[in-house]
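In the order they appear, the protein sequences are chains X and S.
Residues in the first sequence are numbered from 14 upward in steps of one, following this note's numbering.
Residues in the second sequence are numbered from 8 upward in steps of one, following this note's numbering.
Note that these hints are calculated values from the structure, not bench results.
Please read all numbers here as calculations on a predicted model, not as lab measurements.
Worth double-checking, as some hints may not be accurate.
What the hints assert, rightly or not - Restricting the straight-line Cα-Cα distance to at most 20 Å, the calculated cross-link-like pairs of lysine to any residue (SDA-like) are:
1. S:Lys192 with X:Gly165
2. S:Lys72 with X:Lys225
3. S:Lys85 with X:Asp244
4. S:Lys254 with S:Glu206
5. S:Lys72 with X:Lys214
6. X:Lys257 with S:Lys85
7. S:Lys72 with S:Asp52
8. X:Lys225 with S:Ala121
9. X:Lys214 with S:Gln136
The primary structure of each chain is shown beneath.
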Amino acid sequence: MPRSHSKETTREANTDRSTATRSFWSGTISFGLVSVPVDLLAANRSLVRGLRMLGPEGQPLKRKYMCAQEDDDISTEDLVRGYEVEPGQFVVVTDEELEALEPDKSRDIDLNRFVPKDEISAAFFERGYFLVPAGTSNKAYRLLAHTMEKAGKVGIGTFVMRGKAYLMAIFAEGGVLHGQTLRFYDELRKPEDIGVTPKHKADPKLVAQMTKIIEKAASDAFTPEEIRDEDEATVRSIAEEKYKRQEDVIEVAGEEADADADETNDSEALLDAQEGKLIDLMEVLRKRLAESEKSKRKEHRTKAAKRPQKAKSTKAKQPRNKSAKAPAKKTTTKVRSKRA
Amino acid sequence: MWKAVLQFEGKSLPVKFYSAVQAQGVHFRLLHASDNVPVSQHMVDAETGDDVPRESVQKGYAMEKGLYVVLKPRDLAKTEPAASRDVAISTFLPNHAIAAPWFHRPYYLGPDGAEDAYFALVTALAETQTMGLAHWVMRKRNYHGAVISHAGVLMVITLRTADEVLAVGDLKIDNEKALDAKEIKLAEQLISALQGPFEPETYRDEYRERVMKLVQSKAEGKATPPVRAKPKHSPTSLEAALRSSVKAAKENKVA
Chain X
14 MPRSHSKETT
24 REANTDRSTA
34 TRSFWSGTIS
44 FGLVSVPVDL
54 LAANRSLVRG
64 LRMLGPEGQP
74 LKRKYMCAQE
84 DDDISTEDLV
94 RGYEVEPGQF
104 VVVTDEELEA
114 LEPDKSRDID
124 LNRFVPKDEI
134 SAAFFERGYF
144 LVPAGTSNKA
154 YRLLAHTMEK
164 AGKVGIGTFV
174 MRGKAYLMAI
184 FAEGGVLHGQ
194 TLRFYDELRK
204 PEDIGVTPKH
214 KADPKLVAQM
224 TKIIEKAASD
234 AFTPEEIRDE
244 DEATVRSIAE
254 EKYKRQEDVI
264 EVAGEEADAD
274 ADETNDSEAL
284 LDAQEGKLID
294 LMEVLRKRLA
304 ESEKSKRKEH
314 RTKAAKRPQK
324 AKSTKAKQPR
334 NKSAKAPAKK
344 TTTKVRSKRA
Chain S
8 MWKAVLQFEG
18 KSLPVKFYSA
28 VQAQGVHFRL
38 LHASDNVPVS
48 QHMVDAETGD
58 DVPRESVQKG
68 YAMEKGLYVV
78 LKPRDLAKTE
88 PAASRDVAIS
98 TFLPNHAIAA
108 PWFHRPYYLG
118 PDGAEDAYFA
128 LVTALAETQT
138 MGLAHWVMRK
148 RNYHGAVISH
158 AGVLMVITLR
168 TADEVLAVGD
178 LKIDNEKALD
188 AKEIKLAEQL
198 ISALQGPFEP
208 ETYRDEYRER
218 VMKLVQSKAE
228 GKATPPVRAK
238 PKHSPTSLEA
248 ALRSSVKAAK
258 ENKVA
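Please model the entire structure based on the sequences and the hints provided.
Structure follows, in structure tokens:
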């Protein structure tokens, strides 16, 4: 169900949350034998209502994992991942085991099929990403974006990120690549699964009537302003009213910004457990683009002096931030990212 | 299943909501390493570490950093929109007027009587290549969605709100250096060699399957030696890479 309420308990308390997003993931788009290093940045963020959990006296709270038997705090190092094979019976699976199951080129988004732009039903769309050029040259990136856009095609590929396999559609628009993760076929039910049989023949007279109605109410462009979060706006206005009356106002002295209050994203969210910091998307993008421009110029210069340098840009790129560890480890991101 | 009524241009069409998504992921529980017992999550006082029972947890709306207004249940009740079964379509948009990152969760809308009108709408949406922009209240929340024709039936896909979708309109990739005409030609050939229809059924989550296999063999007490595929060789220049790729893709197509 959308907007699951199960996780609404702790909300981002950072009032400047509008610009915050997760750190990015680096990978490579494989276009035939051409490698295009990219960074993935989330184009979606989870719904955030400015609510934070507080204690009965208004003291800030945090989440802790406790063992039912020992009634004790547990640090994240003492946690393992278990699959329940029978009620109460678990098979423990380690990070190393999961990592070994990853495809060798898990960071490759291998575009092995190009489909007509409008052929993918929106029912498959899961999450959006920006794909920005990484590495020393953006030439292969631009070539791919340009050619895809001209051909009116969307590239499809799979890859593994943070302990989950993804099917991704890559769209080119205005020279920029956008990624959209897609639901796997078996994750989408068929009409038959819910007991609806698609009837193929509709009464042409009724169809004509419906068409007339549609045309009458049609508009050309989508106005995003129409799709506001009214619920958040209501919550805010009630909070503001109470604040004006100084009713139920609590001051938390010396509070750290986003301390443990940001765990609202599900495991699909781009979340770098190792760094766990919030990054301003626009800032990252601008920096990245400026960097690629700078390094391109630099490359230009070195190339003039040393020819073989050119080859570098098309070589299969190794995952760059090795320090960020392999993605398979992140099946339990929610826990691991907790800063105690 | 939830009963609703589509409202558009003075027409009403009764429908039934069904989730169109069935989660397939491998679901792990977190266990305490020492005894393999599932752990539970508790809320504790950030300073003292004392357990705070759920009932006494309050919700604070952050006015600014460190300054909260506590919202009591009666305040929160005021934020709930009035319950209604109406799904109001405000307009019909061309199918691709809404960018992909807006789409969130799909629901099937099955007919609830009035089948003739239902299938007429399915057909009309498909023929006009439009979707209805809908607004409704469900589970005490406001929703927005796109009503589309999918697999011969109606579907509504909830839309994220403007706050949840990042728009980077002015994003520009530096392109002061022109692309090489020869490389463009090769890239075009490669795309055309790799083009085809979108066949979602051909993609399987093989990683998930491997994880499940591992879990099963571990449950049976078997060890599983990890197997890794060999990395492929990469050619050295962009043009050479494109050339060999086009060749490989063409051979693949013939084969």
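Checked hints:
no. : hint                   : in the structure
1   : S:Lys192 with X:Gly165 : 15 Å, holds
2   : S:Lys72 with X:Lys225  : 53 Å, violated
3   : S:Lys85 with X:Asp244  : 10 Å, holds
4   : S:Lys254 with S:Glu206 : 24 Å, violated
5   : S:Lys72 with X:Lys214  : 60 Å, violated
6   : X:Lys257 with S:Lys85  : 17 Å, holds
7   : S:Lys72 with S:Asp52   : 18 Å, holds
8   : X:Lys225 with S:Ala121 : 19 Å, holds
9   : X:Lys214 with S:Gln136 : 18 Å, holds
The earlier numbered hints that this structure contradicts are 2, 4, 5.
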